[in-house]
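Keeping their order, the protein sequence lines are chains A and B.
Numbering of the first sequence is given in my numbering, commencing with residue 1 and proceeding in unit increments.
Numbering of the second sequence is given in my numbering, commencing with residue 32 and proceeding in unit increments.
No false leads were mixed into what you were given.
According to the in silico footprint, chain A covers these stretches of chain B (three or more CB under 8 Å from chain A):
hint	segment
1	74–87
2	137–144
3	243–255
The hints are simulated quantities; they were obtained by calculation from the structure and are not laboratory data.
Beta carbons are placed, not taken as given, at the ideal position from N, Cα and C, and that holds for glycine.
The chain contents come next:
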Amino acid sequence: MTDAGYVAAAWVGTAAVLGAYTVWLWMRARR
Amino acid sequence: MTATERLYPRPLARLLAVAAAGALGALVVLGLVVAPPDAVQGDAQRIMYLHVPTAWLAYLAFGITALASALYLWPRTRAAAWDRLAGASAELGVLFCGLTLALGSLWGRPIWGVWWAWDARLITTAVLFFLFCGYLALRRVLGRGEVAARRAAIAALVAFADVPVVHFSVEWWRTLHQRATVFNPELDPQIEGTMALTLWVGVLAFTLLYLALLGLRYRIAGADEHRAAQALEAAITARRRSAELPADAVPTGPLGGAGVPAP
Numbered sequence: 001m002t003d004a005g006y007v008a009a010a011w012v013g014t015a016a017v018l019g020a021y022t023v024w025l026w027m028r029a030r031r
Numbered sequence: 032m033t034a035t036e037r038l039y040p041r042p043l044a045r046l047l048a049v050a051a052a053g054a055l056g057a058l059v060v061l062g063l064v065v066a067p068p069d070a071v072q073g074d075a076q077r078i079m080y081l082h083v084p085t086a087w088l089a090y091l092a093f094g095i096t097a098l099a100s101a102l103y104l105w106p107r108t109r110a111a112a113w114d115r116l117a118g119a120s121a122e123l124g125v126l127f128c129g130l131t132l133a134l135g136s137l138w139g140r141p142i143w144g145v146w147w148a149w150d151a152r153l154i155t156t157a158v159l160f161f162l163f164c165g166y167l168a169l170r171r172v173l174g175r176g177e178v179a180a181r182r183a184a185i186a187a188l189v190a191f192a193d194v195p196v197v198h199f200s201v202e203w204w205r206t207l208h209q210r211a212t213v214f215n216p217e218l219d220p221q222i223e224g225t226m227a228l229t230l231w232v233g234v235l236a237f238t239l240l241y242l243a244l245l246g247l248r249y250r251i252a253g254a255d256e257h258r259a260a261q262a263l264e265a266a267i268t269a270r271r272r273s274a275e276l277p278a279d280a281v282p283t284g285p286l287g288g289a290g291v292p293a294p
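So here's chain A without its partners, still in its complex pose (with noise of 0.2 Å):
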């Protein structure tokens, strides 16, 4: 993998995470 894929995975991988995570609370705030 180029030095642009770990750079695109982490910076994905991150977003992806704390979307998810703060969806997550979202919904269990809004239950």
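Given chain A, work out where chain B should sit, using these hints.
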């Protein structure tokens, strides 16, 4: 207005969420477009704009957990709110600590040539991650109540003892992981210009996100406790009702009723 809403009103929650979104947007632009590639590491260094802030946020989150736990243990400041805050912050700390490990691994593969190394900084960080995973598991096992909260608070303080070990591991031992770039013992940051600005924007963005998520998680913990208390109250009322006898019922058994002769 509930106690949670007094401490963390909804307009403040919205403001924090909007500020966090704006700062994260600025971080994406600065980290992926504006900041130049590193002279030695090339583009792989852009992972540091996430790795370093998540590591600092893990320290902060576990620090808040330790502080709230100490305030819970101190008899004069003991309040259920501190226990709730400790649990909420620990969950976020585990999230950021897990991200720190994953991002470090993604950076290590192109720069060090390996996903993982048995290095003092990496090992102590992994230990910190598992210690607080254990703390969260312990909270679930212990349940609710004052004794449970006290035991959880002691566990949090024990787990937090690893944080200074993580931070100073690069000074105390010869490590593959580099020394602190900003908060080094000389207090002489070895980073300048756009790269430093991007790093600070990253720290600000993740701190705002942490505060926004902490408020949300704290509110959920309060609602869960309220629901559990209501469910317990309903169960006790139902049990009392089922145990009540009709007013015209004739007692039976060895101490009363038709089978026992009157004295």
